[in-house]
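**Student:** Residues per chain are reported as follows:
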Amino acid sequence: MDDREHLVVIGNGMVGAKVVEEILARHRGRFRITMFGDEPYGNYNRILLSNVLNGSQAASEIFMNPLAWYDQNHITLHAGVRVTGVDRDRRMVRGADGTEEHYDRLIFATGSRPFVPPMAGADKSGVFLFRTIDDCDAIAEYAAGCTKAVVIGGGLLGLEAARGLLTHGVEVTVVEAAPHLMPQQLDGEGGDILRATMEKMGVRVLLERLTTRVLGDETVTGLEFREGEILDAEMVVISCGIRPNSELARDCGLPVERAIVVDDQMRTSDPRVFAVGECAQHRGMVYGLVAPLYEQAQVAADVLTEVSPNSLYLGSRLATKLKVMGVELASMGRVGDLQPGDEVIRYAEPAAGVCKKLIVREGQLIAGYLLGDTANAGTLTDLFQRGADLPEKRSTLLFPGDGGGAEDVRNIPNEALICSCHQVPKQKILGAIGSGRCSISTIAACTKAGTGCGGCKPLVGELIDAYAGNVTPDPRDSWYVPGVPFAKPELVREIRARGLKSVSAVFRVLAGGEEDAGSKIGLASLLKSLWNDEYEDERDARFINDRVHANIQKDATFSVVPRIYGGITTPDELRRIADVAEKYEARMVKITGGQRIDLLGIKKEDLPAVWRELGMPSGHAYTKAFRTCKTCVGTEFCRFGVGDSTTLGVEVERRYQGIEFPHKVKLAASGCPRNCAEATVKDIGYVAVDDGWEVYVGGAAGSRVRAGDLLCKVRTQDEVLRVTGRFMQYYREHGKYLERSPAFVERIGIEKLRQILVEDSEGICEVLDTEIQKAVDGYVDPWLEREKPYHPAQFTGQLIPEAALLGSKS
Amino acid sequence: MEAVMEATEVCLGDVESVPLGEGRAFCVNGLSVAVFRPRDGSLYAVQAECPHQGGPLAEGIVGGCSVICPLHSWKFDLATGACTQDPSQRLRTFPIRQAGGRLLLTIV
Chain A
1 MDDREHLVVI GNGMVGAKVV EEILARHRGR FRITMFGDEP YGNYNRILLS
51 NVLNGSQAAS EIFMNPLAWY DQNHITLHAG VRVTGVDRDR RMVRGADGTE
101 EHYDRLIFAT GSRPFVPPMA GADKSGVFLF RTIDDCDAIA EYAAGCTKAV
151 VIGGGLLGLE AARGLLTHGV EVTVVEAAPH LMPQQLDGEG GDILRATMEK
201 MGVRVLLERL TTRVLGDETV TGLEFREGEI LDAEMVVISC GIRPNSELAR
251 DCGLPVERAI VVDDQMRTSD PRVFAVGECA QHRGMVYGLV APLYEQAQVA
301 ADVLTEVSPN SLYLGSRLAT KLKVMGVELA SMGRVGDLQP GDEVIRYAEP
351 AAGVCKKLIV REGQLIAGYL LGDTANAGTL TDLFQRGADL PEKRSTLLFP
401 GDGGGAEDVR NIPNEALICS CHQVPKQKIL GAIGSGRCSI STIAACTKAG
451 TGCGGCKPLV GELIDAYAGN VTPDPRDSWY VPGVPFAKPE LVREIRARGL
501 KSVSAVFRVL AGGEEDAGSK IGLASLLKSL WNDEYEDERD ARFINDRVHA
551 NIQKDATFSV VPRIYGGITT PDELRRIADV AEKYEARMVK ITGGQRIDLL
601 GIKKEDLPAV WRELGMPSGH AYTKAFRTCK TCVGTEFCRF GVGDSTTLGV
651 EVERRYQGIE FPHKVKLAAS GCPRNCAEAT VKDIGYVAVD DGWEVYVGGA
701 AGSRVRAGDL LCKVRTQDEV LRVTGRFMQY YREHGKYLER SPAFVERIGI
751 EKLRQILVED SEGICEVLDT EIQKAVDGYV DPWLEREKPY HPAQFTGQLI
801 PEAALLGSKS
Chain B
1001 MEAVMEATEV CLGDVESVPL GEGRAFCVNG LSVAVFRPRD GSLYAVQAEC
1051 PHQGGPLAEG IVGGCSVICP LHSWKFDLAT GACTQDPSQR LRTFPIRQAG
1101 GRLLLTIV
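Chains A and B, in that order, give the protein sequences. Taking the numbering used here, I'd label the letters of the first sequence as residues 1 to 810. Taking the numbering used here, I'd label the letters of the second sequence as residues 1001 to 1108.
Hint data in this document are derived by calculation from the structure and do not stem from the laboratory. Here the structure is a predicted model, which is why all the values come from computation and not from measurement. Even glycine gets a Cβ: it sits at the ideal position worked out from N, Cα and C. Treat each hint with caution, since some may be false.
To be verified - Label pairs and their calculated CB-CB ranges:
1) A:Thr770 - B:Gln1085: 43 to 53 Å
2) A:Lys393 - B:Asp1086: 29 to 39 Å
3) B:His1072 - A:Val776: 53 to 63 Å
4) A:Phe640 - B:His1072: 43 to 53 Å
5) B:Asp1086 - A:Pro350: 35 to 45 Å
6) A:Ser56 - B:Gln1085: 32 to 42 Å
7) B:Asp1086 - A:Tyr535: 30 to 40 Å
8) B:Gln1085 - A:Asp263: 49 to 59 Å
9) B:Gln1085 - A:Thr76: 40 to 50 Å
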């Protein structure tokens, strides 16, 4: 029985997940944690949704915590379950599906929802909101059949949506009720210049239009404005700001004004209940940008874990950047809130689309924007957020080169935040640079800077340019494996020159005798590719799967997948599989995606007998090797088939079974362009066409989906086998360890691969053919080790010694 | 009354029951222990289950004085039990030695 306090979090958006991350970072194990989220996903970076809409990022790339993260951290996630009620007397949270969770501590992170201004007909088909991944998908899909789209709302998100729609090939009009675009951040002058920039890009802008009606029967055909004017539209995206989701809190009796009222520790009037994020109102403010919300999450985590019980959130000054391709805009505070006595510093160059404005009050920067030229936005944002004193010569703020040197990142103070999303100050980035991290990605890996909205990446780049000159890059970044001090080319040279043929020899000669567990598998892979049959195989350098030729499962049992060539089996094989599954108590018998049968829950010590009784060779489902060639029934049975895909699949699989690669390799052969075997999303795929076969390489349908590139078209099955072997050998020789074929094909380029492998531009095809033939000839079914184990203890499970008591000492 | 903690030395059998460079799990009086034989000739014994999600540490990759759990790659120092990923986690360790080709484990 878990007697830890139970923390329930309502909301699984960016802030809900962030507060849980912060709690785990402070005191893992402090709480039993349960989360409710009404989207059926893990959690994703909502800020980047506009990138998904404009196609610059895939939806899969913006996920922050996949469902596995919740598992790994023992968090119960009710995904897709909306919370319908909270009973604070019984301390119960109730989900729409009837789930009830009792809490000791409760966090509202319910976020907000899009605001739909009062207008008739907003429920017509073709009218969209822009808030979730599903919205994004729906907008993109619908846009494919449209020519005219209208975005209602000319704010930050509305403009991002408009730019995103342009990439879908529709005419886009933005309709804004205020007299200029981005009324929250800009004034009329800046708004006009932004409008000109957007229109140059192809987005039409209509100002001072209040939409009163969506026209059309069931489907939208246009909009009607207050003055009676009508605008044609085939689809409409509403982006008019957000409203906090605070009804749930109000219904359970918590004080709610514009949002849920919290104190400086993010606590509501109920000491057990907290609220963070867009649903929380702190000192009269409701925030909608990620940086202040993350700060709130940190304070709540400090207080809840009692790691810093006096931690306080004191409010934030808001700065943001517009992420619209082709428009540069950085904004701080609200330039509209001008008071008598404020100093206004401005510069405008309308023809160039540039406008800069700063409002100074009592010597401090209190608001401003930079449009069209954001070169010194980092410095200004920092001055704004810290409320720092400004230089006497104000022009240096707008024109950094003008003697003040404000653009010089060296002038940014050490404590200034570079990444506001993750609260990373300059000194932390300098620390990372000082320890040799000289790229934006390595700095991101150790500081998290740049992994939120990504807006600070250019500034991180400038810091690297300014400070890394005196630093030698950490050479470890370039090492092939962490425990041997050489990059791949030098390592290969040393290994060859010194004739090092085993992993232990490499450690002995090149690493001062220091073995490193994390380097063994990578070294083994490299040595095997360099020496082939001369490689001295030390089994302890293999991952457990490759020591016992089966795939380890979470309960330490193994999965066994026998080879079924081309996915074609026989009644006799099926009978044997069934008998083995019963005799060895397989806990699940599963048809795999590769057209094979997986026996799950097999004990390690039973593996040799299982293989013997199956009488089938290994399917290599556990290792970085040729896996399967999936087939459709092709000309043998299918009335549409034009190519004999089954024979090809079986032949390919017999020839190349078990050959090892930098990563796993999956194939498929389709007997006609209907492509039922899904050959175009495989590492290597074949599609039969009237006069032969198309050969595709570099396809994938895993965490990333990529259509393979057409390498060539050939006439006969023999030619298919030959070009397959060439691609395989080239990948073996030039692929990086753990680089799958899509990344490999993209890195080398399909044109170049075609020249080398089809046109033989480098004259190496014969060598490739010979080398792959050697690998084919050298194949031995690893399951034969059932009769000849490499060590008597190869397959021993847990041992129970005859506990001979030799004596005792106190 | 104060309980007296007795340290007991148990013979696990032949050293060769653990292949060089690898680990194997033993069950001694209901206690699961993973025994490792790195290539440098040293011997280590720690609790058999990874504190993260119960992964079988004896099936992990051993290098020098560390083991990497086969399930999610958590790494532990075999001498101290310290975990690289999460300093709050520590493996229980047991003294182990060999004599006359036999593995001798001390359980407290």
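**Student:** Each hint needs a verdict: does it hold in this structure or not?
**Tutor:** Taking the hints in turn, this is what the structure says about them:
1. In this structure, Thr770 (chain A) and Gln1085 (chain B) meet the distance hint of 43 to 53 Å, their C-beta atoms being roughly 45 Å apart.
2. The hint said 29 to 39 Å for the Cβ distance between Lys393 (chain A) and Asp1086 (chain B), and at roughly 52 Å that hint is violated.
3. Against the hinted window of 53 to 63 Å, the Cβ-Cβ separation of His1072 (chain B) and Val776 (chain A) comes to about 35 Å, which falls outside the hint.
4. Checked against the hint of 43 to 53 Å, the pair Phe640 (chain A) and His1072 (chain B) passes, with Cβ atoms roughly 46 Å apart.
5. For the hinted restraint 35 to 45 Å between Asp1086 (chain B) and Pro350 (chain A), the CB-CB distance of approximately 57 Å leaves it violated.
6. Range check, Ser56 (chain A) to Gln1085 (chain B): about 33 Å between beta-carbon atoms, so the 32 to 42 Å window is met.
7. Between Asp1086 (chain B) and Tyr535 (chain A) the Cβ separation comes to about 36 Å, which falls inside the hinted range of 30 to 40 Å.
8. Restraint check, Gln1085 (chain B) to Asp263 (chain A): a C-beta distance of roughly 35 Å breaks the suggested window 49 to 59 Å.
9. Taking 40 to 50 Å as the suggested C-beta distance range, the pair Gln1085 (chain B) and Thr76 (chain A) does not conform, at roughly 22 Å.
The earlier numbered hints that this structure contradicts are 2, 3, 5, 8 and 9.
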